[in-house]
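Since chain A is already given, all that's left is putting chain B on it; use the hints.
Line order of the protein sequences matches chains A and B. Residues 0 to 427 in numbering that gives the first Met the number 0 are what the first sequence spells out, letter by letter. Residues 0 to 427 in numbering that gives the first Met the number 0 are what the second sequence spells out, letter by letter.
No wet-lab data here; the hints were simulated from the structure. Some hints could be false.
Said to hold, decoys possible - Think about it this way: if two alpha-carbon atoms lie no more than 25 angstroms apart in a straight line, the pair counts; the simulated SDA-like pairs of lysine to any residue are:
(1) B/K422 with A/R109
(2) B/K31 with A/P113
(3) B/K364 with A/G115
(4) A/K292 with A/R303
(5) A/K364 with B/K31
(6) A/K69 with A/L219
(7) B/K21 with B/D35
(8) B/K422 with A/A294
(9) A/K364 with B/R20
(10) B/K31 with A/R345
(11) A/K21 with B/D337
(12) A/K422 with B/G338
(13) B/K364 with A/A28
(14) B/K364 with A/R23
(15) A/K364 with B/K42
(16) A/K31 with B/D370
(17) B/K416 with A/E106
(18) A/K364 with B/D117
(19) A/K422 with B/N251
(20) B/K416 with A/L340
(21) B/K422 with A/T277
(22) B/K422 with A/A246
(23) A/K31 with A/K364
(24) B/K42 with A/P113
(25) B/K31 with A/D370
(26) B/K364 with A/Y415
(27) B/K422 with A/D289
(28) B/K286 with B/P326
(29) A/K422 with B/A360
(30) B/K416 with A/E236
(31) B/K416 with A/R109
(32) A/K364 with B/R109
(33) A/K364 with B/R39
(34) B/K422 with A/Y415
(35) B/K422 with A/E357
(36) B/K416 with A/L107
(37) B/K31 with A/A341
(38) B/K292 with A/G423
(39) B/K422 with A/R262
(40) A/K364 with B/G115
There are 2 protein chains.
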Amino acid sequence: MTLQTPPPSTDLAETLLSMGRKARAASRALGKLSADDRTRGLKAVAAAIREAAPEILEANAKDMDAARAKGLDAAMLDRLALDGSRVAGIANGVEAVANLPDPIGRELARWTVPSGLDIARVAVPLGVIGIIYESRPNVTADAGALCLRSGNAAILRCGSESALSSRTLVAVMRGALTAEGLPEDAIQLIPTQDREAVGHLLSGLDGSVDVIVPRGGRSLVERVQRDARVPVIGHLEGLCHVYIDGAADPENAIAITVNAKMRRTGVCGSAETLLVDTAIAATLLPKLADALKAAGCELRGDGRARAIVPDMKVATEEDWATEYLAPILAVSIVDGIDGALAHISRWSSGHTEAVLTEDQAVADKFFADVDSAILLHNASTQFADGGEFGMGAEIGIATGRIHARGPVGAEQLTTYKYLVRGKGQVRP
Amino acid sequence: MTLQTPPPSTDLAETLLSMGRKARAASRALGKLSADDRTRGLKAVAAAIREAAPEILEANAKDMDAARAKGLDAAMLDRLALDGSRVAGIANGVEAVANLPDPIGRELARWTVPSGLDIARVAVPLGVIGIIYESRPNVTADAGALCLRSGNAAILRCGSESALSSRTLVAVMRGALTAEGLPEDAIQLIPTQDREAVGHLLSGLDGSVDVIVPRGGRSLVERVQRDARVPVIGHLEGLCHVYIDGAADPENAIAITVNAKMRRTGVCGSAETLLVDTAIAATLLPKLADALKAAGCELRGDGRARAIVPDMKVATEEDWATEYLAPILAVSIVDGIDGALAHISRWSSGHTEAVLTEDQAVADKFFADVDSAILLHNASTQFADGGEFGMGAEIGIATGRIHARGPVGAEQLTTYKYLVRGKGQVRP
Numbered sequence: 000m001t002l003q004t005p006p007p008s009t010d011l012a013e014t015l016l017s018m019g020r021k022a023r024a025a026s027r028a029l030g031k032l033s034a035d036d037r038t039r040g041l042k043a044v045a046a047a048i049r050e051a052a053p054e055i056l057e058a059n060a061k062d063m064d065a066a067r068a069k070g071l072d073a074a075m076l077d078r079l080a081l082d083g084s085r086v087a088g089i090a091n092g093v094e095a096v097a098n099l100p101d102p103i104g105r106e107l108a109r110w111t112v113p114s115g116l117d118i119a120r121v122a123v124p125l126g127v128i129g130i131i132y133e134s135r136p137n138v139t140a141d142a143g144a145l146c147l148r149s150g151n152a153a154i155l156r157c158g159s160e161s162a163l164s165s166r167t168l169v170a171v172m173r174g175a176l177t178a179e180g181l182p183e184d185a186i187q188l189i190p191t192q193d194r195e196a197v198g199h200l201l202s203g204l205d206g207s208v209d210v211i212v213p214r215g216g217r218s219l220v221e222r223v224q225r226d227a228r229v230p231v232i233g234h235l236e237g238l239c240h241v242y243i244d245g246a247a248d249p250e251n252a253i254a255i256t257v258n259a260k261m262r263r264t265g266v267c268g269s270a271e272t273l274l275v276d277t278a279i280a281a282t283l284l285p286k287l288a289d290a291l292k293a294a295g296c297e298l299r300g301d302g303r304a305r306a307i308v309p310d311m312k313v314a315t316e317e318d319w320a321t322e323y324l325a326p327i328l329a330v331s332i333v334d335g336i337d338g339a340l341a342h343i344s345r346w347s348s349g350h351t352e353a354v355l356t357e358d359q360a361v362a363d364k365f366f367a368d369v370d371s372a373i374l375l376h377n378a379s380t381q382f383a384d385g386g387e388f389g390m391g392a393e394i395g396i397a398t399g400r401i402h403a404r405g406p407v408g409a410e411q412l413t414t415y416k417y418l419v420r421g422k423g424q425v426r427p
Numbered sequence: 000m001t002l003q004t005p006p007p008s009t010d011l012a013e014t015l016l017s018m019g020r021k022a023r024a025a026s027r028a029l030g031k032l033s034a035d036d037r038t039r040g041l042k043a044v045a046a047a048i049r050e051a052a053p054e055i056l057e058a059n060a061k062d063m064d065a066a067r068a069k070g071l072d073a074a075m076l077d078r079l080a081l082d083g084s085r086v087a088g089i090a091n092g093v094e095a096v097a098n099l100p101d102p103i104g105r106e107l108a109r110w111t112v113p114s115g116l117d118i119a120r121v122a123v124p125l126g127v128i129g130i131i132y133e134s135r136p137n138v139t140a141d142a143g144a145l146c147l148r149s150g151n152a153a154i155l156r157c158g159s160e161s162a163l164s165s166r167t168l169v170a171v172m173r174g175a176l177t178a179e180g181l182p183e184d185a186i187q188l189i190p191t192q193d194r195e196a197v198g199h200l201l202s203g204l205d206g207s208v209d210v211i212v213p214r215g216g217r218s219l220v221e222r223v224q225r226d227a228r229v230p231v232i233g234h235l236e237g238l239c240h241v242y243i244d245g246a247a248d249p250e251n252a253i254a255i256t257v258n259a260k261m262r263r264t265g266v267c268g269s270a271e272t273l274l275v276d277t278a279i280a281a282t283l284l285p286k287l288a289d290a291l292k293a294a295g296c297e298l299r300g301d302g303r304a305r306a307i308v309p310d311m312k313v314a315t316e317e318d319w320a321t322e323y324l325a326p327i328l329a330v331s332i333v334d335g336i337d338g339a340l341a342h343i344s345r346w347s348s349g350h351t352e353a354v355l356t357e358d359q360a361v362a363d364k365f366f367a368d369v370d371s372a373i374l375l376h377n378a379s380t381q382f383a384d385g386g387e388f389g390m391g392a393e394i395g396i397a398t399g400r401i402h403a404r405g406p407v408g409a410e411q412l413t414t415y416k417y418l419v420r421g422k423g424q425v426r427p
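The following block holds chain A by itself, in its conformation from the complex (with noise of 0.2 angstroms):
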């Protein structure tokens, strides 16, 4: 297993348009291989990954070491640890990926226009797809397999605290290309932590670039909103919310509320804020409060949540436009769907919101009304994931309004062509 190491120029615009040449050169490669090829690449790749396990784990340890010596705090340091079922799950989640349905060649309509003309529109790879990511390795695994998945060339760029783990997972996946005779530059790595490498990925690399998609925080993805020069497909924060209409199932309604705040609290679709109908407040809150309380979250009140539940906090405005991130809870108590769609219409991020309630009629309100790119009626908000949506895996869930919105798996990596098959028409 090599290294994928800098070139010997030390000019590093250029070894980034040396790379942007590489990814668009793979990309036509990758494009026309058949639909088995990609699968085959893509078990090769999982078994590899298996098998350079100690290589990768040494390599996290190291790792590891830094972000300690760094300071990182525990959060930071859990999302970039691995162990041997860390690197199993990778390895699985890249052969999930193999096992998905190729979305390349598919043909997405067909019909005949009163011309004669035969018209197809038939699914092609984005291209060469840019990846800016924080600190998780397994990212480094899953966009480099979802991009293979659906005929793109990925150029990654890593949080410098997984440099290590993830220059060794790069190493191994373009080995295994190699290995199976597939073009090995569907991967690159950018090979250094140089901050200005961000910026030239950026300017799309000399039009080598076809799309930026950035994982992370806050800063990073407005950093490369504001940026880039080629298009972005990315999340900028998901603000949640559970309804918990009058009409709910107490019983069910603490149960999902418990799960989509607390399950895990650092993930996009976890729930930040709670609304509740006035007209279950005073018996379903208390309850509530007390099983949320129990699970060790903090809750953050209006007025009329604290005259129930006196103990909350005091919710200022800033709490309703807070992505906590945190087994932190704000909670506003609304006048049914209506008051609950006035609250979300004006602090929604537009990731995923929850209605909960047995009346067909409030949820039929909330889905038509609501604008987020996930709607869900009595589950759980941490649904939101592509994987759960059956997608194998996602690079990110997209919070714009084009292209793609919500779970980002390899059917939204694509776009299409048309085929247009005439008799030798000419236009009048």
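Relative to the frame of chain A, chain B by itself:
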């Protein structure tokens, strides 16, 4: 009929922010209307345009006087000019959009996952679309109609040449919406030609604009792509190729090539470069050159083309890179399909290319290898048009890779959300 006038505020930024807020409110209202309501609005708009033809022509006559005084060239004047039949054509275009299937609320996909969740992907409007265009007044109506059909609010910015024509058209359209009880702010026109207004629009108006669609020449599109802080759907240029294979039917090849170049030379789907297989060049090119010259086309050839047709001008490398939008055609002799693919891969703008051949294997290879938005087999590149694709009208042809590619009609002006139906599921 009252023209939309600037608000009393002298602050341009505030004027535009206020337009943004009105557009956002209108887009929310529009998206909740039924398909029948949107259809009714479109039919009323078409009828109102027919009825207001005298006022529209009067305004256009003033625009034409000003344009002549400014010394605009004949092609520009032709794009700007309206007459009774063109106004009828504009109304018919709106009527055609009224008769299109409504894209909003369609269930694009639906499946159940192992957790038991029922997941539906449902089409919703993009939201607020900013459209920046140049001289053709018909874009005002086409863009407004396509936005209405797809539940989007439009903020239009027309070129200064068509300012009065466009203002009048917008006033007519808004009046028709108001009369039908629909939100008139679904269609707004920026009421000043101040160039700074474009900058404000490109900034996204404090989150009120979801997408920008530029429709015009290269310098406009480049400025928009450079400065926009919101996603852009646009096309940069249509450098379209026709490849005549050795196995082409000669008669068809001549008819299609003349049509592809000469039917209308100013449209983005007109052919700019002709590639002729060396296997057929000696017999076909003299006849084809005669037919093109008879139609008024200037030819510029490479050495091999000029060896066959000596009176062509010399084509330089710049010719392969030029979208003439004029009766000029660059001609290169290539070595079969591989030579054609190499040329197209190097010079194509990703818009539209045609292959003329009776050999299905060659057509298949062309379709598989060329990565442009529209590929045609044995048909003219001038079919690259939303109307010809059965989309009723188009707001442009996208050559980017994300969201929409090729003709952008009502369906392409949508995004989607996920409706997830559960029965109390929590995530383990």
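Go through the numbered hints given earlier and state which of them the structure violates, listing their numbers in rising order. Going through the list in order, the structure violates hints 1, 2, 15, 23 and 34 and respects the others.
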